[in-house]
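**Q** Residue numbers (our numbering), protein chains in the order written: chain A, 359 to 688; chain D, 64 to 397.
Check the hints yourself; a few may be wrong.
[Stated by the list, open to error] Each computed BS3-like pair below joins lysine-lysine, with the alpha-carbon atoms no more than 30 Å apart:
#1 D:K66 x D:K284
#2 A:K409 x D:K331
#3 A:K563 x A:K409
#4 D:K70 x D:K250
#5 D:K66 x A:K409
#6 D:K189 x A:K409
Rather than coming from a laboratory, the hints here were simulated on the basis of the structure.
Small disclaimer: the values here were computed from a predicted structure and weren't measured.
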Amino acid sequence: MSNKVSELSMLEAINETLHSEMARDERIVVLGEDVGRNGGVFRATEGLIEKFGERRVVDTPISEAAIAGSAVGLAMAGLVPVAEIQFLGFSYQAMHQIAGQIARLRYRTQSRFEPQITIRAPFGGGVRTPELHSDSLEAQFANIPGLKIVMPSTAADAKGLLTSAIRDPDPVLFLEPLRGYRGIRDLVPDEEHVVPLGQANLVKKGDDVVIISWSYQVELSKRVAESLEGEGISAAVLDLRSIVPLDIEAITEIVSHCGRAVVVQEAPETGGFASEIIATINDECFWSLEAPVARVSGFDVPYPVGMLENLYVPDETRIRSAVLKTIESG
Amino acid sequence: MPKPNDKQLQMILEDMVIARTQAGRLWNLQRQGQVGTIAPIDGHEAAIVGAVHALETESDWVLPQYREPLGLRRYGTEVLDTFMLYNLGHPAGGHIPEPIKVAPSQISLGASIPHAVGLAWGMSLKDESGVVLVFFGDGASSEGDFYEAGNLAGVLKAPVILFCINNQWAISTPTHLQTAADSFSSKAEAFGIPGVTVDGNDPAAVYEAVFNARKRATSGKGPTLIEATVYRLGAHTTADDPTRYVPSDDLSAAQEKDPVHTLIQELKTRGLWSDTKQNEVETAALERLDEAFERAKNTPLEPNSMMDHCFVSETPRQLRQRSSLMDSVGNANE
Numbered sequence: 359m360s361n362k363v364s365e366l367s368m369l370e371a372i373n374e375t376l377h378s379e380m381a382r383d384e385r386i387v388v389l390g391e392d393v394g395r396n397g398g399v400f401r402a403t404e405g406l407i408e409k410f411g412e413r414r415v416v417d418t419p420i421s422e423a424a425i426a427g428s429a430v431g432l433a434m435a436g437l438v439p440v441a442e443i444q445f446l447g448f449s450y451q452a453m454h455q456i457a458g459q460i461a462r463l464r465y466r467t468q469s470r471f472e473p474q475i476t477i478r479a480p481f482g483g484g485v486r487t488p489e490l491h492s493d494s495l496e497a498q499f500a501n502i503p504g505l506k507i508v509m510p511s512t513a514a515d516a517k518g519l520l521t522s523a524i525r526d527p528d529p530v531l532f533l534e535p536l537r538g539y540r541g542i543r544d545l546v547p548d549e550e551h552v553v554p555l556g557q558a559n560l561v562k563k564g565d566d567v568v569i570i571s572w573s574y575q576v577e578l579s580k581r582v583a584e585s586l587e588g589e590g591i592s593a594a595v596l597d598l599r600s601i602v603p604l605d606i607e608a609i610t611e612i613v614s615h616c617g618r619a620v621v622v623q624e625a626p627e628t629g630g631f632a633s634e635i636i637a638t639i640n641d642e643c644f645w646s647l648e649a650p651v652a653r654v655s656g657f658d659v660p661y662p663v664g665m666l667e668n669l670y671v672p673d674e675t676r677i678r679s680a681v682l683k684t685i686e687s688g
Numbered sequence: 064m065p066k067p068n069d070k071q072l073q074m075i076l077e078d079m080v081i082a083r084t085q086a087g088r089l090w091n092l093q094r095q096g097q098v099g100t101i102a103p104i105d106g107h108e109a110a111i112v113g114a115v116h117a118l119e120t121e122s123d124w125v126l127p128q129y130r131e132p133l134g135l136r137r138y139g140t141e142v143l144d145t146f147m148l149y150n151l152g153h154p155a156g157g158h159i160p161e162p163i164k165v166a167p168s169q170i171s172l173g174a175s176i177p178h179a180v181g182l183a184w185g186m187s188l189k190d191e192s193g194v195v196l197v198f199f200g201d202g203a204s205s206e207g208d209f210y211e212a213g214n215l216a217g218v219l220k221a222p223v224i225l226f227c228i229n230n231q232w233a234i235s236t237p238t239h240l241q242t243a244a245d246s247f248s249s250k251a252e253a254f255g256i257p258g259v260t261v262d263g264n265d266p267a268a269v270y271e272a273v274f275n276a277r278k279r280a281t282s283g284k285g286p287t288l289i290e291a292t293v294y295r296l297g298a299h300t301t302a303d304d305p306t307r308y309v310p311s312d313d314l315s316a317a318q319e320k321d322p323v324h325t326l327i328q329e330l331k332t333r334g335l336w337s338d339t340k341q342n343e344v345e346t347a348a349l350e351r352l353d354e355a356f357e358r359a360k361n362t363p364l365e366p367n368s369m370m371d372h373c374f375v376s377e378t379p380r381q382l383r384q385r386s387s388l389m390d391s392v393g394n395a396n397e
C-alpha cells in the first residue's frame with residue numbers, strides 16, 4: 359500500500375470515494391435528482407454516469423419520497439443504493455420513508471431485509487442559499503432509532519467515513535456541509551481509506567477546556583482553539599464525526615481531563631444535539647466538571663434569509679466568547 | 064392462457080374459503096382478547112387470491128398492505144404462521160422466512176408502493192425474471208407515495224403491478240370523498256402506464272388482469288395499475304363499527320355479490336365443488352389456524368429481544384440500555 363496523499367476539497371474527496379466504491383462493488387446504484395448527466399448540482403457525482411452507465415447512475419424524477427422509498431426496494435433486491443437528497447431541507451418530503459420505513463426495515467422484519475442504504479445530503483449555512491437549503495436537521499434524525507448519522511469535517515474524513523457508510527449494513531445519513539464542499543481542503547490518502555463510524559477524533563489536544571463539535575463547526579472551533587493558545591488558554595477540540603453512533607468514551611475522556619466543555623452546533627438551540635451531548639456529560643462525568651457546560655447554537659427561529667444568516671450561524675466570535683465565559687466561571 | 068382453468072379455479076376457491084373461514088376465527092380470537100387488532104378479509108378474497116394465483120411464487124414478490132395475509136396461502140404455509148406471530152405481537156411476526164417472496168404487513172398506507180417499484184427496478188437491474196405486486200386500497204391511492212412511486216415506475220418501466228383494491232371505504236370515508244376521478248385506475252394515465260378496472264368479485268377476471276400485467280412487465284414493457292372493485296363486507300378492523308356509516312341497503316346489495324358464495328355456487332353448478340368438499344376445507348382451515356395460533360403462543364420470547372435487530376452491531380448506548388433492561392426485568396422477577 360502506498361502512503362501517498364493528495365490535497366483535495368471535501369467535494370473532490372466525496373466524488374473520488376463514490377468512484378472507487380462503485381468500482382469496488384457492482385451492487386452500488388447511485389440515484390437522485392440531477393446525479394447523472396449533470397454530475398450533481400455541486401458535481402459530487404461527476405463522471406459516474408460516464409464510467410458506470412445509466413443503469414447504475416440514475417436521474418430520478420423530483421420525488422424525494424420515491425428516492426428514499428425505492429432505495430428500500432433496491433436494498434430488498436440485494437443492491438446497495440447510495441441516494442442523494444439534493445438538499446437536506448427537502449428530506450422533509452421523504453421523512454415518512456426515511457423515518458417510517460428505512461430506519462425500521464431491519465427491526466420490523468427482524469433482519470429478513472438488509473437496509474444497506476446510504477443517503478447523502480448537503481446542508482448547513484453560510485453560502486446564501488434559498489430557503490430550506492441550509493437547515494441543520496441532524497437532531498431530528500438522531501431521534502429516529504435505526505439510522506446512523508455521519509457528519510465529516512475534513513476531506514480525508516469525508517472519504518474515510520463515506521467509505522464506511524456505503525459498506526455499513528445499516529442505513530446511514532451522510533451529511534455534507536455546503537461551506538465545506540470547496541471551503542475545506544486537506545490531505546486525503548490516495549488509496550483506500552476507511553474511518554470507522556462512531557469514533558470521534560481529538561483534532562486538537564488541550565488541558566483547560568474542550569470544544570465539542572461536528573461538521574463545519576469543527577473548522578471554526580479549531581481556529582478559535584488555535585487563537586486562544588497565544589492567550590495562554592489550552593483548548594482541546596473534539597470532532598464527533600458521527601452523532602449516531604456516538605463516541606461516549608471519547609467525550610467522557612476529554613471532558614474529564616479538561617473539566618470544562620463548550621458544545622457547538624449550527625442547529626437551533628432547543629432540542630439540538632448539543633443538549634444530548636450535555637446530558638451525556640451529566641451521565642458520565644458530571645463530578646469532573648469545574649464549570650457548567652456551555653452551548654453555542656443557532657437561534658430558535660427558522661433558518662433566516664441571506665442577509666441575516668451570518669448572525670444566525672455560530673461564528674468564531676460567539677464560540678470564543680462561550681469558551682472564555684466557561685473558563686472564567688466556576 | 065389468461066383464464067384460470069377448472070383446476071386452478073378449484074384451488075382459488077379453496078384458498079378463498081380458507082381465508083374467509085380463518086378470518087372468522089381470528090375475529091373471535093380478537094374478541095376474546097387473544098390477538099391484537101385484525102383487518103377482516105371478508106369481501107376481498109377473490110381480488111387477493113385471484114391476483115396471487117396469476118403470479119409465479121418462485122420469482123414474483125408480493126408486498127401486502129395489511130388485509131391480505133390470509134389470502135396469500137399459495138406462497139407457503141409459513142405466511143400464516145408468521146401472521147399469527149404478528150397478530151400476537153411477537154417480534155418474529157415481521158420475519159417471513161426465506162425464500163418466501165412476501166413482505167410483512169405494511170401499516171403505513173401506500174408506503175410499500177415505492178418499495179415495490181424499487182424492488183422491481185432492482186430485479187430488472189439484476190436481470191431477474193420476476194415481477195412485484197403491491198397491494199393497497201382506494202384510500203391509500205390518495206397518498207403522495209402512490210403518485211411518486213407510480214410516476215417513477217412509469218419512467219423506469221419497472222416490472223411492477225400496482226394492485227389497488229377499491230373496497231369503497233377508507234374506514235368511514237367513501238370513494239367519492241377520496242377522489243373526483245372517474246376511477247382509481249384512470250390515475251394510470253398520469254403515469255403513462257395502462258390502468259385497468261376489473262370486477263374484484265370475479266377471481267377469473269382478476270387472474271386475467273394480473274396475468275396480462277405480469278406478461279407485460281416481464282416483457283420489459285413496464286408497470287400496470289389494476290383497480291379491483293369489491294365491497295368491504297365486514298368492519299375496517301376489529302376496532303371499527305361500520306353500522307355508524309355503511310348504508311345497510313348498500314351492504315345487503317353487496318352481500319348478494321359475495322365473492323366466496325358466488326364462486327361456490329358457480330363451481331357447484333359445474334360439478335367442481337360440493338358441500339362435502341366445503342366442510343372438509345373449512346374444518347382443515349380451522350385446524351390449521353388453531354395450530355398456527357398454538358405454535359405462535361408457544362414461541363419463546365426473551366425480554367431483551369426488544370433490543371435486537373435495530374442495527375447489526377449495537378451502539379455503546381444500546382448495549383448499556385440492554386443491560387439496564389435486563390436489570391429491570393431481573394428486579395421485577397425477584
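**Q** Keeping to a limit of 30 Å between CA atoms, is the pair of A:K409 and D:K331 held or broken?
**A** violated (63 Å)
**Q** When you check the alpha-carbon spacing of D:K66 and A:K409, does it fall within 30 Å?
**A** Distance of about 46 Å is beyond 30 Å: violated.
**Q** Holds or violated: D:K189 and A:K409, Cα atoms, limit 30 Å.
**A** Answer holds: D:K189 to A:K409 is near 19 Å, not above 30 Å.
**Q** CA of D:K66 to CA of D:K284, is that 30 Å or under?
**A** holds (21 Å)
**Q** Measure nothing beyond the straight line between the CA atoms of D:K70 and D:K250; if it is 30 Å or shorter, mark the hint as holding.
**A** violated (35 Å)
**Q** Are the Cα atoms of A:K563 and A:K409 separated by 30 Å or less?
**A** Violated, at roughly 42 Å.
Comparing the model with each numbered hint stated earlier shows that hints 2, 3, 4, 5 do not hold.
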